[in-house]
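J.: Read off the chains here:
6 protein chains.
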Amino acid sequence: MATVKLIKYEESSSEVRAIYDDIRKTRGAEFINNFWLALANNPEQLDRTWNQVKTIMKGGALDPLTKELIYIAVSVANSCEYCIHSHTASAKKKGLTDEQYKELLEVIGLAHHTNGLVSTMQVDVDESFKQQ
Amino acid sequence: MATVKLIKYEESSSEVRAIYDDIRKTRGAEFINNFWLALANNPEQLDRTWNQVKTIMKGGALDPLTKELIYIAVSVANSCEYCIHSHTASAKKKGLTDEQYKELLEVIGLAHHTNGLVSTMQVDVDESFKQQ
Amino acid sequence: MATVKLIKYEESSSEVRAIYDDIRKTRGAEFINNFWLALANNPEQLDRTWNQVKTIMKGGALDPLTKELIYIAVSVANSCEYCIHSHTASAKKKGLTDEQYKELLEVIGLAHHTNGLVSTMQVDVDESFKQQ
Amino acid sequence: MATVKLIKYEESSSEVRAIYDDIRKTRGAEFINNFWLALANNPEQLDRTWNQVKTIMKGGALDPLTKELIYIAVSVANSCEYCIHSHTASAKKKGLTDEQYKELLEVIGLAHHTNGLVSTMQVDVDESFKQQ
Amino acid sequence: MATVKLIKYEESSSEVRAIYDDIRKTRGAEFINNFWLALANNPEQLDRTWNQVKTIMKGGALDPLTKELIYIAVSVANSCEYCIHSHTASAKKKGLTDEQYKELLEVIGLAHHTNGLVSTMQVDVDESFKQQ
Amino acid sequence: MATVKLIKYEESSSEVRAIYDDIRKTRGAEFINNFWLALANNPEQLDRTWNQVKTIMKGGALDPLTKELIYIAVSVANSCEYCIHSHTASAKKKGLTDEQYKELLEVIGLAHHTNGLVSTMQVDVDESFKQQ
Numbered sequence: 001m002a003t004v005k006l007i008k009y010e011e012s013s014s015e016v017r018a019i020y021d022d023i024r025k026t027r028g029a030e031f032i033n034n035f036w037l038a039l040a041n042n043p044e045q046l047d048r049t050w051n052q053v054k055t056i057m058k059g060g061a062l063d064p065l066t067k068e069l070i071y072i073a074v075s076v077a078n079s080c081e082y083c084i085h086s087h088t089a090s091a092k093k094k095g096l097t098d099e100q101y102k103e104l105l106e107v108i109g110l111a112h113h114t115n116g117l118v119s120t121m122q123v124d125v126d127e128s129f130k131q132q
Numbered sequence: 001m002a003t004v005k006l007i008k009y010e011e012s013s014s015e016v017r018a019i020y021d022d023i024r025k026t027r028g029a030e031f032i033n034n035f036w037l038a039l040a041n042n043p044e045q046l047d048r049t050w051n052q053v054k055t056i057m058k059g060g061a062l063d064p065l066t067k068e069l070i071y072i073a074v075s076v077a078n079s080c081e082y083c084i085h086s087h088t089a090s091a092k093k094k095g096l097t098d099e100q101y102k103e104l105l106e107v108i109g110l111a112h113h114t115n116g117l118v119s120t121m122q123v124d125v126d127e128s129f130k131q132q
Numbered sequence: 001m002a003t004v005k006l007i008k009y010e011e012s013s014s015e016v017r018a019i020y021d022d023i024r025k026t027r028g029a030e031f032i033n034n035f036w037l038a039l040a041n042n043p044e045q046l047d048r049t050w051n052q053v054k055t056i057m058k059g060g061a062l063d064p065l066t067k068e069l070i071y072i073a074v075s076v077a078n079s080c081e082y083c084i085h086s087h088t089a090s091a092k093k094k095g096l097t098d099e100q101y102k103e104l105l106e107v108i109g110l111a112h113h114t115n116g117l118v119s120t121m122q123v124d125v126d127e128s129f130k131q132q
Numbered sequence: 001m002a003t004v005k006l007i008k009y010e011e012s013s014s015e016v017r018a019i020y021d022d023i024r025k026t027r028g029a030e031f032i033n034n035f036w037l038a039l040a041n042n043p044e045q046l047d048r049t050w051n052q053v054k055t056i057m058k059g060g061a062l063d064p065l066t067k068e069l070i071y072i073a074v075s076v077a078n079s080c081e082y083c084i085h086s087h088t089a090s091a092k093k094k095g096l097t098d099e100q101y102k103e104l105l106e107v108i109g110l111a112h113h114t115n116g117l118v119s120t121m122q123v124d125v126d127e128s129f130k131q132q
Numbered sequence: 001m002a003t004v005k006l007i008k009y010e011e012s013s014s015e016v017r018a019i020y021d022d023i024r025k026t027r028g029a030e031f032i033n034n035f036w037l038a039l040a041n042n043p044e045q046l047d048r049t050w051n052q053v054k055t056i057m058k059g060g061a062l063d064p065l066t067k068e069l070i071y072i073a074v075s076v077a078n079s080c081e082y083c084i085h086s087h088t089a090s091a092k093k094k095g096l097t098d099e100q101y102k103e104l105l106e107v108i109g110l111a112h113h114t115n116g117l118v119s120t121m122q123v124d125v126d127e128s129f130k131q132q
Numbered sequence: 001m002a003t004v005k006l007i008k009y010e011e012s013s014s015e016v017r018a019i020y021d022d023i024r025k026t027r028g029a030e031f032i033n034n035f036w037l038a039l040a041n042n043p044e045q046l047d048r049t050w051n052q053v054k055t056i057m058k059g060g061a062l063d064p065l066t067k068e069l070i071y072i073a074v075s076v077a078n079s080c081e082y083c084i085h086s087h088t089a090s091a092k093k094k095g096l097t098d099e100q101y102k103e104l105l106e107v108i109g110l111a112h113h114t115n116g117l118v119s120t121m122q123v124d125v126d127e128s129f130k131q132q
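Protein chains in written order, with the numbering used here: chain R, 1 to 132; chain Z, 1 to 132; chain C, 1 to 132; chain E, 1 to 132; chain G, 1 to 132; chain P, 1 to 132.
Okay, chain R solo, but in the shape it has when bound (with noise of 0.2 Å):
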């Protein structure tokens, strides 16, 4: 149960809803997750999140699904159940392949390893690091 009380489109302000009618078009689908829900208490919040959330993960230099699976690493590091969950389904919706997904879950297997092992080791920084 959230700490805060999910707005239901239903039951938004005009404020809001035309930001979840912003998020409807975007997306091309009714469903509306819990995490807008739950933002839209504070509506000018919901609209920051939700146009930085818009530019940010569109094409780019990247593409769409490699962003997907760079947010779902840091939320994995960040222990984020609700965005492992949220950006998991968004990757599939984006094209997420079964082989995709074995290797993304092997390479943060393994950056989760090495980071422990550096970390207990101390590991210095080379200076051909720092030189970049």
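It is possible that some hints are incorrect.
No copy is singled out in the list; a pair is fine if it fits within one copy or between any two copies.
[Unchecked claim] The calculated lysine-lysine pairs, modelled on DSS-like cross-linking and capped at a C-alpha distance of 25 Å, are: (1) Lys25 <-> Lys102; (2) Lys25 <-> Lys5; (3) Lys25 <-> Lys94; (4) Lys94 <-> Lys58; (5) Lys58 <-> Lys92; (6) Lys102 <-> Lys58; (7) Lys54 <-> Lys130; (8) Lys94 <-> Lys54; (9) Lys5 <-> Lys92; (10) Lys92 <-> Lys130; (11) Lys130 <-> Lys25; (12) Lys94 <-> Lys5; (13) Lys102 <-> Lys130; (14) Lys25 <-> Lys54; (15) Lys25 <-> Lys58; (16) Lys54 <-> Lys5; (17) Lys8 <-> Lys54.
Honestly, the hints are just simulated from the structure, not real lab data.
Assemble the complex: chain R is given as a structure, and chains Z, C, E, G and P must be docked to it using the hints.
T.: What follows is chains Z, C, E, G and P alone, placed relative to chain R:
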């Protein structure tokens, strides 16, 4: 200063040297970074870890650069300074452009932002995400 | 389901009950939350922890509500679901307004965002900050 | 050493310089810390991030000092060294007293302590907390 | 609900089943926990991971119970709910007493506490520690 | 550079000096590490924290070395550089052998690895683990 000794190529056992040689060959470079010099205190673990890295980080369903970006994302969220430096260097060697780096930075920032929001509000996972 | 038994008031030893009574009296409420029922498996630790919480969380140079907000911020970054729920409830009891909650949420989101940016770019600490 | 170039005021584009000027004016100080010099590699992101910080960190329902304390708390739990240094400096500029710092330290320590206990015991969220 | 399918023994391929049989034999129990059922979507990864766990977690210079305690400690700090549950169960099977559990809990709580203090104060590593 | 002043023995108040003397006596060494010199800005907190450490880290149902290993594991996962250095030094003083260190490193690495896998796949806790 690491909590373990760094084993230099010149002072390494033949067992370790064989792995160092494979690192050099695989990467097409003389330079071996501190992580491996530190792991070499346990030749078996060096061997196992190197083989995992070599297997998992090569291109497959995901290309090698995408894998490095995922690695960086995990390392940032885990605050692993060494890992961020070494994998940013790797990503550059594998062709990371300035434009791609900018977008990587934006996605990582955004993912942390929404992770924090979701966690504070304790948003419940939508039923539709669970049914994937 | 917790990995330890929850010790209810009715089944508690006199040693534990004395602390439960102090929790009830200090908070002016019958309700004792699960954290204390779990800690009660080790009466000494229950005693030590409760006394720390009572001492540290009361008003001083910082008021009790500000302390709860700091507590929530730590718990969010540590992904401690229970702690977020219980300290959000405490903050509300201590007078957290909707307006304050909105700003708390914004600051926590922003702090995660810039933490992610700083960590990715590995920004060096400015000399002037070190001289504080 | 950061993984990106720091863009000094003297070498900045007019676009970046306008934001640098706004930072100086808003803070009433010549000094611009490394975080902004690093972000300036992407003027749009610099602009967006600075405007978020300016908007969110100013006083509202929570005063500016309280917001800095929340920022520090997040940064500590995320192990963001730069962020801890820079926001501790900001908090001091905004009037943090030694007595308040002591209490901040105590609350952050305690919150980490109980986060660890709760997580180890996997305490279930009390029903009454969910109904808030 | 996991983001991947759980592969039950009855529906597993002969490749996966051979590993499941080894897990059962090694542990002397019919029960195979969900982690392995989830990993089985990638038989190679299941094989590699199981062999790592089997090799590393058996007794050597450190006894198997001590290794489980270290595992729990990592999992708590990483907020990995599943891992805490499964390794607390493993530790109990390997003989963890109530008295030992109490002390584990105290050490984990204390370590989080001082981690938070050290991080807030940004204490410099003593020179003598670096020379180890 | 710490964000607080380090209080040296020579300049300490009699209240702080009494605790410094107890640290020296308990550890059988002149050397007092920076953590205590930093905490001494708040003599009450120094006293409380030192007494907790002294009580909890001494041998009981778990031996002192095992407790240090648990401490290191937490500190690694929390990326607390100071804590990793100081407790690795403590562990060595308490008899940590090279062989044990190697296994500690392997367990910590493995635990991070599987934490990452479990978190990515969002594996549900097995019912049988909950019934412990």
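J.: From the Cα coordinates, with 25 Å as the cut-off, is the pair lysine 94 and lysine 58 best called within, between, both, or neither?
T.: both (11 Å within a copy, 23 Å between copies)
J.: Between the shortest in-copy and the shortest cross-copy C-alpha distance, which are at most 25 Å for lysine 25 and lysine 58: within, between, both, or neither?
T.: Cα proximity of lysine 25 and lysine 58: one copy only (14 Å, versus 34 Å across).
J.: 25 Å Cα cut-off: does lysine 25 pair with lysine 102 within a copy, between copies, both or neither?
T.: neither (31 Å within a copy, 27 Å between copies)
J.: Regarding lysine 130 and lysine 25, is the shortest C-alpha distance of 25 Å or less found within a copy, between copies, in both, or in neither?
T.: between (45 Å within a copy, 23 Å between copies)
J.: At most 25 Å between CA atoms: does that hold for lysine 58 and lysine 92 within a copy, between copies, both, or neither?
T.: Both: 15 Å inside a copy, 23 Å across copies.
J.: Which holds for lysine 94 with lysine 5 at a C-alpha limit of 25 Å: within a copy, between copies, both or neither?
T.: between (30 Å within a copy, 20 Å between copies)
J.: Under a CA distance limit of 25 Å, which applies to lysine 54 and lysine 5: within one copy, between copies, both, or neither?
T.: Result: close within a single copy only, 24 Å intra versus 28 Å inter.
J.: Could you figure out if lysine 25 and lysine 54 sit no more than 25 Å apart (CA to CA) within one copy, between two copies, both or neither?
T.: So lysine 25 and lysine 54 pass the 25 Å test inside one copy only (12 Å; across, 31 Å).
J.: Checking lysine 102 and lysine 130: alpha-carbon separation at most 25 Å within a copy, between copies, both or neither?
T.: Classified as between: cross-chain Cα gap 19 Å, same-chain 32 Å, threshold 25 Å.
J.: How would you label the pair lysine 102, lysine 58 (within, between, both, or neither) given a Cα cut-off of 25 Å?
T.: Close inside one copy (24 Å) and across copies (14 Å); limit 25 Å.
J.: Within, between, both or neither: how does the pair lysine 92, lysine 130 come out at a Cα-Cα threshold of 25 Å?
T.: between (37 Å within a copy, 13 Å between copies)
J.: Check lysine 94 against lysine 54 for me: Cα-Cα at most 25 Å, and say if that holds within a copy, between copies, both or neither.
T.: Answer is within: at 14 Å inside a copy they meet the 25 Å cutoff, but 28 Å across does not.
Hint 1 from the list above is the single one not met by this structure.
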